[in-house]
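Trainee: Chains as they are written, first to last, in numbering that gives the first Met the number 0: chain A, 0 to 169; chain B, 0 to 445; chain C, 0 to 904.
These are calculated hints, taken from the structure and not from any lab test. Don't take every hint at face value.
Stated by the list, open to error - A partial selection of chain B residues facing chain C, derived with a Cβ cut-off under 7 Å:
(1) L127
(2) G128
(3) R150
(4) W396
Said to hold, decoys possible - Here are the simulated EDC-like pairs of lysine to aspartate or glutamate, each with C-alpha atoms no more than 20 Å apart in a straight line:
(5) B:K187 to A:E159
(6) B:K187 to A:D138
(7) A:K19 to A:D30
(8) C:K651 to B:E319
(9) C:K651 to C:D875
(10) C:K620 to C:E555
(11) A:K19 to A:E39
(12) B:K187 to A:D30
(13) A:K19 to A:E159
(14) B:K187 to A:D137
(15) B:K187 to B:D21
(16) C:K874 to C:D837
To be verified - Over 10 Å on every C-beta distance to chain B, these chain A residues come out as not near it, computed from the model:
(17) H2
(18) A68
(19) D151
(20) R152
(21) M153
(22) R157
(23) E166
These figures come from a predicted structure and were not determined experimentally. Glycine included, every Cβ here is placed at the ideal spot set by N, Cα and C.
What follows is each chain in one-letter form.
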Amino acid sequence: MTHQLHLVFTETAPLVAAVKALRAEGVTGMDAHTPWRIAELETALEPGGPSVRRVMLISGLVCAASIFAFQAWSAVWLYPLNAGGRPLFSWPAFGFATFETGILGAAAGGFVAMIRRCGLPRLHHPFFITAETELATDDRFFLTIPGDTAPDRMRLSRLEGLHEIVEVGA
Amino acid sequence: MSATDAVLPDRAPGRLTADVADPLLRPRFGRIWWACLILCLGLSILMVVSLVVLVAGGVGIWGINTSNVWGFALVNYVWWIGIGNAGTLISAMLLLTRQRWRTSINRFAEAMTLFAACIAGLFPIFHLGRPWLFYWLVPYPNTLGLVPQWRSPLVWDFFAIASYILFSLMFWYTGAIPDFATLRDRAKGRIAQVAYGILALGWRGSARHWQTWQSYYGAMAAMGVPLVISVHSVVGMDYAAGIAPGWNESIFPPYFVVGAMFSGFAMVVVLAAIFRRALNAAHLITDRHFDVMGKILLTGSLIMTVSYATEWFYGWYSGEHAEQHVVATQLWGDFWPLYWGMLAGNCIIPQLYWWPFFRRHLPSTILIAIAINIGMWLERVVITVVPPARGYLPSQWSSYWPTLWDWALFAGTLGFFGLLFTLFLRVIPAVSIHEMKEQVAEEAPT
Amino acid sequence: MPPLEGPPDLCADDGTAVDRRGALKLFAAGAAALASGCRRQEEMLPYRDMPEYGASGDAVMFATALPLAGAARGVLVESHQGRPTKVHGNPDHPASRGGTDAFAEAELLALFDPSRTTSPVAGGTPVTWSAVAERLRAAVAENGTALLTGPVGSPTLARQVGALMDETPGLRWFTHRGAAPALEVPAGPGPLDRMQLWPDWASLDAVVTLGADPLGPGPAQVAMTKGWSEARRARRDTFRLFAFEPVPTLTGTKADRRTPVAPADLSGAARDLRDALEGGDAPAPIAEAARALTAAEGRACVLPGPDLPPETLALIEEINRRLAAPMSRRLPFWRWPALTQEDASTLIPALRSGEVRRLIVLGANPAYDMGPAFEDAAADVELIHFGLREDETASRAALHAPLHHPLEDWSDLRSVDGTASLVQPLIAPLHETRSAHAVLEMLRGRTGTDPRALVQETWGARWGTDFDDLWDGALRAGVIDDFPVEDVSPAYEPAPDEAPQGTGAFAHVAQISHAVLTGEYAPNGWLQECPAPLTKQVWGNAASLSRADAGRLGIEEGDTVALSGRGQTVWLPATILPGQADGVVGTTLGYGRRLAGPIGSGVGADTAPLGPRIDVRPTGKSGLLVRTQREFGQHGREILRSVTHAEPEVHKAHHTTESFYAAWEYDSPSWGMVIDTDVCSGCNACMIACQSENNIPVVGADEVARGRHMHWIRIDAYDLPEGTGRGFQPVPCMHCEKAPCEPACPVAASVHDEQGLNAQVYNRCVGTRFCQANCPYQVRRFNFFDYADSQAHANLGADLLQAMRNPDVSVRGRGVMEKCTYCVQRIEAANHAASREDRPIADGEVVTACQSACPAEAITFGDITDPESAVSRAKDSPRHYALLEHLGTRPRTTYLARVTPEEEA
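My request is simple: use the sequences and hints to build the entire structure.
Mentor: See the structure below:
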């Protein structure tokens, strides 16, 4: 595994500034690890990929349509029963299961999509090589730069608010 | 000091992490925790015994009868599911409306939801005459070639509750993944590291993680609100789709939703107070939180009062003697102490929240919240018990008295809820650490 | 070891010893019996005219007769593979005419009752029947022996008693009578001088009762209800019934005009009536009755109650003669003028004086019926008891031996009107029991006699050479055509001035119970759980009070009151009955049994010893009143509706009942029912018939007190708008076309079938009870426990009772909903028969159990898609209405409104 540099920050603003600066300088492959969501980072780093919400929409609609179709089919064709003189195709009554199943389908589909998109679950990751990164879930902010695209240390040390640089990997 | 400031702790992110996470990782919890655990465990055993006796003996051990067919089973079901609806609703609705004070309460409100919904789910299963056949409500290929009867509100209910429990679990778990990662990273013991490590799924807080997480979590919150409303509307439909006077009312679905939120919020107030006391977290859950929740409870109380008044009005306006008689029986008949108890708990006592003192004075606000919970429980008793006792044919009018086993199961579920909550406080961050830190960071002067 | 004895055909001529050859025959016979495992085959003959209805193809009907208070009601018993499973009325029998009463229906449970004695017992140890026979021979041989029987309605038994008395000088025979049939009144000074009034309802237009209850429980109930309901139905414009009575009875409840009169004032009422008939002044209700009687001269009668003094009876007799009342005065069925018959009231002096030192009790329970007086007098008397079970008398007896149930026995029986029928067994004896006929033969020193032979002997003497044909005919028809009925001419003497009847503040009227009669049916769970018609009380009796009296004493419905009279005090729950005379307490007899098995012991209190005057005292306690209905007001809802002669049309619902959904189309047949509330007399026969037909379990008093009961058809009683009393409304399942229960069921256990039935699929039911909550008629019944089997009430889960069940109807387990099916098993039997023969089902081919039982023929059932069917015609009646029509449930069970007589101008 190639080595990586972790730029450690204690504040969010210098981190965002550093990301912007480095991207302007053509540094690629950066990733940030933060204890909470920092919205500005997302505009700065632009992590791509398919939208979770689109998956949720599709999965929700498919589930809802399936359960509605199943209800209609089973009530009208599979086993038609006279229940209280109601029409066989009692579509308003079918709405409840349709709605609930649609929401559940969207939630479940979205959960799977989220997990997949985040690459989880994952037993190990190079980020965890050093114990320093444990603070990434506490109050430290890590900017990870692949060793081969990283600018030299002098440039990095000029970044404002940089707390330290941790180098990991061979 | 502005209100916004007061709902967020004035602490550094690292302190916050320690405040919330460290108590979980301490090897010892205090005597009070153990006392609670043992009490709740005892009651949980009572619940298990009640269920075993129930399955062995039949639902006849309860006080239900030919006219009052549901009794405590449905009372407790609706009460628990009402409490169970509040967590997601609070969490989702406050998230969508960007209420910053939400972060202090949403995690345990969601846990409350999950626990209460699971307990609520026990009742529809165990109230069946043949509970071992509950899976017949599920559409699955079977030798009878039958599927559920889709026009039944109980089938809607089954789908609603099942969806809701699974949805709440995902919503709550998703919200907690970053915190599990925090605990994983702070844990010293091997068991805790592995356990939290598994729960964290390998979360590392990367920008892509956060973006995806945010996208999903926000969408879940957006779906949660209509889901919760639909779930409790369906619970209302269990009654309103029936023909019995006093049940066949179109106001039931919205009125049940508001009632659920109302009782759920009251339960959150009680639990927040316990949690604040248990974890010494006055800086996390401030008086300001209680003040805001008091206002919400006051609003809920007013809506409930209007709902009751609407019921009275429509009972009279329907011109149907049976409807009028049910209202009259509730107000003046055999069951009047329950009804007036309900009005006291839900309509009258919460009016104290007009005074800021009662909203901010912790013992008072807890007592009022408990009164609301009792009032809402009585409301479910009144709804479940009175209309069938005063149906269309006077010849079949009856009364209902719960038996010891009815009470035992109810007490048992309270204990089981307490048990789950006690364990929850021990192993899962009761406050959303990452959201709290995000809020604090956003508010921090830059 | 008992001495070896054989059946008579194997015995030597003297009937005692067995010779060598006979002994060998016996061994062979024993071996054969062991090998075949059965007793001798009885030659039973099925009913000649098998009804088309009646369940599946393997059912056979046998005509027989069942005694009630000794009097026969002709019945047809449905038998499945050798097991009787259901009692039906015999249309050919004049005391049944196709209807039944609750008691006849409940005989089935009495037959299989697990608490019956299974073998003779002496001093707590089982003994053999030969030992019993020996004991009897010894008893008869000694002086001071008396025989006590119930009312003997069997010509054979009477013949045997006569022969026994001829053979045994000094043997005295006492007849104990518990419940006298309605309209059996004194006809002379002696206790046995009685007559049975038998009105010809078809020729009556005006009837006045003075304390009489012809429609009430008893052996005449079915015939009287038939007669009354036919008159009511056929001549609703002219037929009028006026009731003067202290406590509301079924007759009074169905009367056009009912007037509460205290018992002491009944004689005055009779005098007033006579005066009014002679043109004098009288109080308004009596004057009105008198006008009706006068207007219907030759078609009018006055029916006296059982407890009127002789002067009043003579007065009523005079009125009836003057009116040329179409009614006969018959010698009671239990009177055998050729025999020396003594009334049981003379038994106690005979016991006290020591004239009777040994009492053989055959089918009676004097220790309960005659109360503490008997117990005192019989303290040193040797009792030998024959009966169905170990009752109060048996427990004191030196020897107790069990008798056959009438469904196990050969016999003959007369009914209240005097008609005789043959009784044939439907099943081999379940236990080591003997026929009463065999017991009498034992008394005569003969053992091993076959009761059938004894009965045949009786009728052989009468029929001579035609015997075989007539015997077969009588068995097949269930009725003997030519048995003579003697008429009686009453001759009253003024009563001696009786001692004052007591000093209590209230008159006490103890009526025969609709459920336990006078106690003999106390061990029967079906009947104990059968609600009292007017109070809906089950599992016990109550003290009914007028509203004014209750208010004065500060007593509320359900409060426990202490009733004292003749030095005795009993505690009963109070009920407040509209229409009860002030100053009167009404109770029912037959409760407070100490030894009536696990079902009947300790239920209610015995009020017979209290006498006719009692004191009433509130106790401040409550909780004894167990009822299936607690609210009797209609609350202005149109439930039990009324029309008048002037306005015979039911005022139709103010709501429209248009439906949002298209109607389902039903092919013929599509079933429906109409219940005529005008003729329903509230007798409960339908409830027990349904219970028997549909294997409905008993739940017990504790469960009913919780509000649980299982009757598929119930009879609601409502206070009438006129305020004069209560009316009846039987409520089975409505089989709504837009049934609210069906969409409520999540598992499709409650569905409609193509014949319009609201079907309940037991195996599919998971027990959510939503259907029950959603039934506005509340006709659905839930098995909160396994009532039918492992959690049955008392001993009703016994294996023996499995044999009683209708094999065409599932027995429901715990956690399952059930309800009226319109007797779907009978519909299916008709469907099968019709499709086998490739024909449509005829109108009237399917008869539900409730319909077939109903003596008032209030229930009509059939195909509602056929406009010519009886049920469709009933639905065209102007009195037709649907219960809770405004809910839009479209019930298939609908009602005919009762007809209120308009006030006389």
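Trainee: Confirm or reject each hint.
Mentor: Now for the hints, and whether the structure bears them out:
no., hint, result
1, L127, "holds (5 Å)"
2, G128, "holds (2 Å)"
3, R150, "holds (4 Å)"
4, W396, "holds (4 Å)"
5, B:K187 to A:E159, "violated (33 Å)"
6, B:K187 to A:D138, "holds (18 Å)"
7, A:K19 to A:D30, "holds (12 Å)"
8, C:K651 to B:E319, "holds (16 Å)"
9, C:K651 to C:D875, "holds (13 Å)"
10, C:K620 to C:E555, "holds (11 Å)"
11, A:K19 to A:E39, "holds (10 Å)"
12, B:K187 to A:D30, "violated (27 Å)"
13, A:K19 to A:E159, "holds (12 Å)"
14, B:K187 to A:D137, "holds (15 Å)"
15, B:K187 to B:D21, "holds (10 Å)"
16, C:K874 to C:D837, "violated (29 Å)"
17, H2, "holds (18 Å)"
18, A68, "holds (12 Å)"
19, D151, "holds (24 Å)"
20, R152, "holds (23 Å)"
21, M153, "holds (26 Å)"
22, R157, "holds (22 Å)"
23, E166, "holds (18 Å)"
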